[in-house]
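If you read the sequences in order, they're chains A and B.
Mind the numbering: the first sequence is residues -13 to 84 in our numbering, read in order.
Mind the numbering: the second sequence is residues 938 to 1331 in our numbering, read in order.
Possibly wrong hints are sitting among the right ones.
Said to hold, decoys possible - Computed Cβ-Cβ distance ranges for the label pairs, DEER-style: (1) A/Ala72 <-> B/Asp1075: 47 to 55 angstroms; (2) B/Glu1043 <-> A/Leu40: 22 to 30 angstroms; (3) B/Thr1044 <-> A/Val(-9): 52 to 60 angstroms.
Just so you know, the hints here were simulated from the structure itself, not pulled from any lab data.
Cβ coordinates follow ideal geometry from the N, Cα and C atoms, glycine included.
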Amino acid sequence: MVRVVIPFHLRTLARVQGEVQLEVEGPVTVRAILDALEARFPMLRGTIRDHVTLDRRPFLRFFACEQDFSNEPSEVLLPEGVATGAEPFLIVGALAGG
Amino acid sequence: MSSVRVLVGTKKGAFILTADGKRQKWQVDGPLFGGWEMYHLKGSPVDPNRIYASQTSGWFGQIIQRSSDGGKTWEQPGTPAGEPTTTPEGMPKGESNKFVYDTSAETGKPLTTHQFYDGTQKPWVFKRVWHLEPSLTDSDTVYAGVEDAALFKTTDGGQSWHEQAGLRAIQGEKWGPGAGGMGLHTILLDPTNPQRIYIAISAAGAFRTDDGGKSWKVITKGLKSQYMPDPTAEIGFCVHNMAMNPKRPNVLFMQLHWDVMRSDNGGDLWHEVSGNLPTDFGFPIQVHAHEPDTVYVVPIKSDSEHYPPEGKLRVYRSRSGGNEWEALTKGLPQSDCYVNILRDAMAVDKLDSCGIYFGTTGGQVYCSPDSGDNWQSIVRDLPPVLSVEVQTLA
Chain A
-13 MVRVVIPFHL RTLARVQGEV QLEVEGPVTV RAILDALEAR FPMLRGTIRD HVTLDRRPFL
47 RFFACEQDFS NEPSEVLLPE GVATGAEPFL IVGALAGG
Chain B
938 MSSVRVLVGT KKGAFILTAD GKRQKWQVDG PLFGGWEMYH LKGSPVDPNR IYASQTSGWF
998 GQIIQRSSDG GKTWEQPGTP AGEPTTTPEG MPKGESNKFV YDTSAETGKP LTTHQFYDGT
1058 QKPWVFKRVW HLEPSLTDSD TVYAGVEDAA LFKTTDGGQS WHEQAGLRAI QGEKWGPGAG
1118 GMGLHTILLD PTNPQRIYIA ISAAGAFRTD DGGKSWKVIT KGLKSQYMPD PTAEIGFCVH
1178 NMAMNPKRPN VLFMQLHWDV MRSDNGGDLW HEVSGNLPTD FGFPIQVHAH EPDTVYVVPI
1238 KSDSEHYPPE GKLRVYRSRS GGNEWEALTK GLPQSDCYVN ILRDAMAVDK LDSCGIYFGT
1298 TGGQVYCSPD SGDNWQSIVR DLPPVLSVEV QTLA
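Full structure from sequences and hints, please.
This is how it looks when you write it as structure tokens:
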């Protein structure tokens, strides 16, 4: 079970509170987590990454075990702590804007 | 007894303001979608309980919201609460915020590029929905004007959107963004001819289709703008807003960047009707619901100073279809007022004594229940108002 923390506004859209827990099949990567997240919460499609290119939206960042995976290839394996559920995978909105 | 429902989009959420036909006592509900930029909300003329909303964010992109109960509850079309989130085939739903520009059927490449500020060509990149225009005959059909400028259409209640790409074929390579972006902000549906649609884009100009959106023509003849390198150019006009009275759909009024314009032939030719306005710069323009020659604008000092001249908030009304304008001031601040009124932030209701509404960048929403003679503030301290629409309910 992978734990995912999503920003406040996306929790509102998905109508969830607190962390999201997901079953992720296969290797735990950013792409695998986002695929699982969007499959369970289709209303989040397009809000974290582009519908077509699957590029990360510019003002969102991805963190795992205190490492920044925002600019890493989405197929890179995430740390064991995230894969086992010991640590959450963090989707964080940039501190920008008004 | 009749009532009105005013749909207000702001930079930090949406608000719904309701009153009976007297329009004196108001109930304010909101914020809905708190913290999000609500560019536009508009109800279906066919089913007033059906309301569409454009919810946007620099972080999370575009969301389309839909209500089927007059704004009490909302859902993203295709993903209602409690229903399966995948189709029977296992495909995820949630395409309601997917706005993808058409590409060439032969090459798969973008259909066209547009001009950027520096004169280079850029591909179209979707940013947000500026304006939603529900069909006059079907509550599941809606047009969306988007940035980068294009027209999209849904026929399934907002679950999926498809570009009307014929529009970008009209000299799209010459279109360029205005200071606020390259947005398609005005969509006027001709109630007497379902094949005829007018649209306007900053800063490309105005266009008309007479075949339901397949093909388009430029309708900018008669417009003039300072500093246009080619004074005979058809493209490049910063049209701010257009309006029509449904009873006389061939007559259009336009707030150009500078100049208030009128066309008596569906946009084929425009002439200036700025007349005695203190300044002819501004954003919104509206026409009285029952008097096709009664027009409203809000003059703004200049394109460099986006606030009312002399710090006096004045709506100007012409009862002669332009040229002769009178200032409407009763109930509006006449000193130290430096707000702006954005292009989609003015609306009229259909009650006998036509109500006029507008919202400001200072968070006020004003109503005149008597065609502009007297004004009251419905609410004073909202976030900056992006859009105002009104529904007249039986």
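(message) Holds or violated: the 22 to 30 angstroms window for the beta-carbon distance between B/Glu1043 and A/Leu40?
(response) holds, 25 angstroms
(message) Is 47 to 55 angstroms respected by the C-beta to C-beta distance linking A/Ala72 and B/Asp1075?
(response) The hinted range 47 to 55 angstroms holds for A/Ala72 and B/Asp1075, with Cβ atoms some 53 angstroms apart.
(message) Taking the Cβ atom of B/Thr1044 and the Cβ atom of A/Val(-9), is their distance within the range 52 to 60 angstroms?
(response) Given range 52 to 60 angstroms: violated, Cβ gap about 42 angstroms.
In terms of the numbered hints stated before, the structure departs from hint 3 and from no other.
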